[in-house]
Amino acid sequence: MAERNIRLRVNGATSEGIAEPRVTLLDFLRDTLRLTGTHMGCEHGICGACTVMFDGAPVRSCLIFAVQAEGHDITTVEGLADEAGELSVLQDCFWETHALQCGYCTPGMLIAAQALLHRNNDPDDDEIRDAISGNLCRCTGYGQIVEAIRLAADRLNQRTNPGDRP
Amino acid sequence: MSGPDQPYRYVSRHRRTKEDRRFIAGQGRYVADINLPDMKHVALVASPHASARILSIDADTALALDGVHAVLTGAQLQAATESIQHGVPAPNIRWYPLAHEAVCYAGEWVAAVVADSRHIAEDAAELVAVRYEERPAVVDPEEAFEAADRLVHPDHGSNILFHRKFVWGAVEDDFAAADNSLSFRVKWGRNSTVPIETFGVVAQWQPGDGLLDIWASIQMPKYSDQIAESLRLAGNQVRVHQDVDVGGSYGVKRGLKHAILAGYLARELGFPVRLIEDRLDNMSGGDAHGPDRIFDMEVAFNGDGTITSMKIRALDDCGAYPGRAPLQLGKPVGSIVGPYRIGSVAYEAISVCTNKTAQVAVRGFGQAPTNFAIETAVDKVARFLDLDRIELRRRNFIRADEFPYTIPSGTAYDSGDYHTVQQKVADLIDYEGLIVRRDAIRDRGGLAGIGISACLEPGGGNAAFEPLFNPSNDTTTWMESCTVKVDRLGDVTVLICTSTAGQGHQTLAATVVGEVLHIDPAEIRVVHSDSLSSLPGNSPVASRMAIMLGGAAHRAAETVRDRLITIAAHSLNRPEATLVYADKSVHAADDPSTGLDWQALVRICHRQYHLMPPGMEPGLQASHTLQVPNGGVMPTEDGRVQMYPCFSFEAHIPLLEIDRGTGKVRIHDYAIAHDCGTVISPSIVKGMLLGGIAHGIGAALYEKFEYDATGQHLTGTFMDYLLPSAHEIPEIKMAEHCTPSPLTTLGQKGAGEAGYMGSAAAIASAVNDALLPIGLEVSALPVKLGILSDLLKDHT
Amino acid sequence: MKAAAFDYTRPRDLPGLLRQLSGSTDAKIIAGGQSLVPMMAMRLVRPALLVDINDVQDLQNITLEDDCVAIGACTRQADAEASEVIRQHLPLLAKALPFVGHDQTRNRGTVGGSLAHADPSAEIVLVAVTLQAELTLARADGERSAATDDFLDGPMTTTLEEDECLTAIRFPRWTEAGRVGVGFHEVSPRAGDFAVVAAAAQLLLDDDGVCRRAAVAVANTTPMPLRLAAVENALVGAAIDQNTARDAAALAGALIDPPSDLHASAAGRRHMARTLIERAILDAAGPAVAGGQTHG
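For the protein sequence lines, the chains are A, B and C, in the order given. If you read the first sequence in this note's numbering, its first letter stands for residue 9, the second for the next number, and so on. If you read the second sequence in this note's numbering, its first letter stands for residue 37, the second for the next number, and so on. If you read the third sequence in this note's numbering, its first letter stands for residue 322, the second for the next number, and so on.
Treat each hint with caution, since some may be false.
Listed next, the stretches of chain A that the computed footprint assigns to chain B, with coverage defined by at least 3 CB atoms under 8 Å from CB atoms of chain B [unchecked claim]:
1) 53-64
2) 151-158
FRET-style restraints, in silico, Cβ to Cβ [claimed, not checked]:
3) A:17 / C:346: 32 to 38 Å
4) C:533 / A:90: 54 to 60 Å
5) B:89 / A:127: 38 to 44 Å
6) B:84 / C:511: 26 to 32 Å
7) A:171 / B:670: 55 to 61 Å
8) B:627 / A:90: 38 to 44 Å
9) C:529 / A:17: 58 to 64 Å
10) C:529 / A:127: 40 to 46 Å
11) A:17 / C:511: 32 to 38 Å
12) A:63 / C:346: 29 to 35 Å
13) A:129 / C:384: 30 to 36 Å
14) A:90 / B:442: 56 to 62 Å
15) B:527 / A:17: 28 to 34 Å
These are computed hints drawn from the structure, not numbers from a lab. In this text, a Cβ means the ideal position worked out from N, Cα and C, and glycines have one as well.
Just chain A, same shape as in the assembly (with noise of 0.2 Å):
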């Protein structure tokens, strides 16, 4: 019940905040770590816009407490770029597709996409509609965030035919 200190790795540098037990992974990134970049938005594990990586994988964030994840590493849509500023392959080209209308489920959308790309730098769309099933979106239709995954593939595969894809 009492706050105490929690000690993690977020986008690559040592951070720490005091919390309760029961403060959820979302909840201290963006309210004691103020990284807001990660959204909430049904805190019951099923909309994915609260994911993060944890030690390389996608979760939910909502469904951590923060306390379970100190000495984990997590990654959030602000440690996806590769320098300040600089946008990975995978945001850029959620921009070129417009990937994106009001932004809110896409920085759980970009995590989940990334994780994809990581494991798998070529998927067919079946792997990649498979990979963003646990992320909703309301204002997309998924159809540019499909487009976006394809062509980041493409760029990651240094391929300009998209007949070429799997």
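Got chain A sorted already, so can you dock chains B and C onto it with the hints?
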């Protein structure tokens, strides 16, 4: 969606959406990101009962908890504020953010706790002890309509919020003269567009200025005014910050009760107050449910397929409080015959209240359900006559040479070419080949169906249906403003007067201004003024912003351009008619080397008053407030009215299969052809279309707010209210067509509701096509898994 | 939706974990949290002490044993999905795991957590019932074994004692001569949702394609997943084809009593159950037999 032979530099050309840049970096600024010093947090105490008297509220234990600052009840709030306005006359239905004396739906807010954190506020909310005396609830809308007892609001005298029958044309004669008629009932289930971000508001009272600052996830017209009225403040004592990013709205983020509650608390308690709905608050207590409608339809037609008349009775279950929701029966008046040359229509619109969560404006404002009912009628006529459903539509479409076309209810459709768009989608999906594919599935023993829908998307908005529903509300103004300013350094800033929920208004405005001034939109800054520094606007509702903001921005930019020509004419001592504005400079048409470049012109405006034409204002800026085209005329006594000015059109063709063994639906293919006149931002329009189709698929197959017989809400979380994921939405093929509107600055029409207008109708059409060979039919949406498995269980 | 306050401890090893449990009367174990945390967020569950077992390495392993595959209770569903041992030796579990939620949930959710939560729609629970997994339950003063059927006590209820922790699940392997085939089918409103109905089948076929052993179970047509003895008996000794599969699946009707809820009616579930059982049997019988099947 753009091409090299377009007549525009920027309009209709692919460009990156400005706003996207901050969102992909996680730098959006949503209301939950706002952190003011000393800010307190609200949690709500909600009624577990659908209908009950409140006997007592005991907050002592809650108040004793460390970190709790206040517990507000309805009694205190109602004494200090005005009730929320309705769009229909209902003076005896008093609506406040917190219930007082009686609760009218399960989930209605009864008390608000203010604490140092949301965690503590929720701890305290659990400790607030409310005693209720349950009363019978009325849940069925047809029962509510008939009921003399079990009134949701006894003082209102009935459960009827609105009831009017319109008759346009010789309906009875046309029915008598027709070869055939059909009648049927369909239902549009209660659903909503449910954004991933819930509604939230932060309110701060500045006693020194006598000013209430509001940051909210808002999409609604007249927000600041209505907050001021309810809180008994002057209109200039409320400042709504419209630069808050809104995480999706699609109509539903109205948040009046939230803002009134937070605003009241902020003033009373003296610190900023934050109210962010959690998902439970939102689903049951947010008052953001959508149309819930029973249509009784009759259609008269001849043997050659001509539909001559139609009767529509629409009964809508509005939930416990009307607000503006009943007006969602009125908007469809402006396109009541759809894209068809139907000569007469009777339309009976009924809105009733029940003990359910209140309804709000949902994308299309009642158009999508109405399109579903009309398209079902058209499909049934085709089946009756054994005609192809596309062919039947072709025989009834208004023809391209008939525009502007005035429909029986008095609205003129501006332009269109429905036959060509219908052909485009048929060609895109290879309709004949699709039939072969469908039939091959059937030959294997499967259930497959093709859906057809052809629907209008009215755009532009118009206040003219307010007087239709509330005769004492004689309003016809519906406007939007934009200011274009060029600063001393020669850089352009555009001020818009609305919040944005993903529609890309910054990109829209920059593209239009850039087009007029020949400036790359990437160099144009667009900012959202707050409500005090804004000129009048009506927010991005009614698929209006391309038309209205696009129009206002266009006119403002033209004024700036024309002023530069006047300044150059004065400076060069030449008639204006001999000068041309091009590429940020003004030069003589017959001698391009004679002219003034941008920096020279800006310098004159900002620094060299002695070189300005006499009487001209210094600086370089212009504003324009645009009234909606064709707006400004009150309805006639029999309810004929020019509603929205512009009519986009879409034609859908999906192919789906229903697993006989389980009832599961799989969409195999989906094509749409879409005409929204001149497309200003291709990526944005594409996104609207795809997102709208997804909403429609959700409404057709997955989403429903379910209630039991006692008024308990059964779908209050995302575990039970099912939003489609990337697996449920197929890849969509798209074709476009352009019939420019003669009424707008660039020929643009609305696209904010694209896809949603016809997708649910198309899916319903496909499901019924799939079930036709086994003699089954569905007449209510959504067609959920359980509905189909039940239907199919005896048909293995 | 903030959880009620609780104390938190994260033991480093199994003895430490078991000591915590024996010392508290209102403790709840958190493994993946995918089922538990939503319930805590809705304040349906409010333990005084949350015991986090994610650091107990002894609980995360996948071991091939002579007659079974032993899976530590805290093994991530994602790790189980990626496991070559499971793919080869527990093909039924391998087939079921992709149906469990989404990537994000499987990256945290655990095999044991799903069993301890005992949701009647859960895929892992169905597989445990089908294969009759043996569960190891430990407490500070010792451990015991329980059969899945004895462990599961009803929807969301198990016979796990307050001071016990599920430590391992042993899924039996069928090591007799013959070919093992598996089938797993479920219907859910959306991909990744909990099953409205799910069916699992594992068959042992001899060289002539005759079924020598069968395990067939269905979820969400009875309070907890049920092995369908009559169906299994009809399959053993038979060469499986479309007709035997259909006839065997029809026998399930007498054994089940499905619930009605928002997602499907009782009659609808019966219909789905027959369909899914038949398809699972055909898949298990092998591609040569299942190839002619049409389903959407």
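Results of checking the hints against the structure:
1. 53-64: holds (count 3)
2. 151-158: With 4 residues close enough to chain B, the hint holds.
3. A:17 / C:346: 32 to 38 Å: 36 Å, holds
4. C:533 / A:90: 54 to 60 Å: The hinted range 54 to 60 Å holds for residue 533 of chain C and residue 90 of chain A, with Cβ atoms some 58 Å apart.
5. B:89 / A:127: 38 to 44 Å: 58 Å, violated
6. B:84 / C:511: 26 to 32 Å: 29 Å, holds
7. A:171 / B:670: 55 to 61 Å: 59 Å, holds
8. B:627 / A:90: 38 to 44 Å: 52 Å, violated
9. C:529 / A:17: 58 to 64 Å: Once the Cβ atoms are compared, 59 Å apart, the range 58 to 64 Å for residue 17 of chain A and residue 529 of chain C holds.
10. C:529 / A:127: 40 to 46 Å: This hint holds: roughly 42 Å between Cβ atoms.
11. A:17 / C:511: 32 to 38 Å: At roughly 35 Å between Cβ atoms, residue 511 of chain C and residue 17 of chain A fall inside 32 to 38 Å, so the hint holds.
12. A:63 / C:346: 29 to 35 Å: 33 Å, holds
13. A:129 / C:384: 30 to 36 Å: 32 Å, holds
14. A:90 / B:442: 56 to 62 Å: Once the Cβ atoms are compared, 59 Å apart, the range 56 to 62 Å for residue 442 of chain B and residue 90 of chain A holds.
15. B:527 / A:17: 28 to 34 Å: This hint is violated: roughly 42 Å between Cβ atoms.
This entry does not satisfy hints 5, 8 and 15, going by the numbered hints stated previously.
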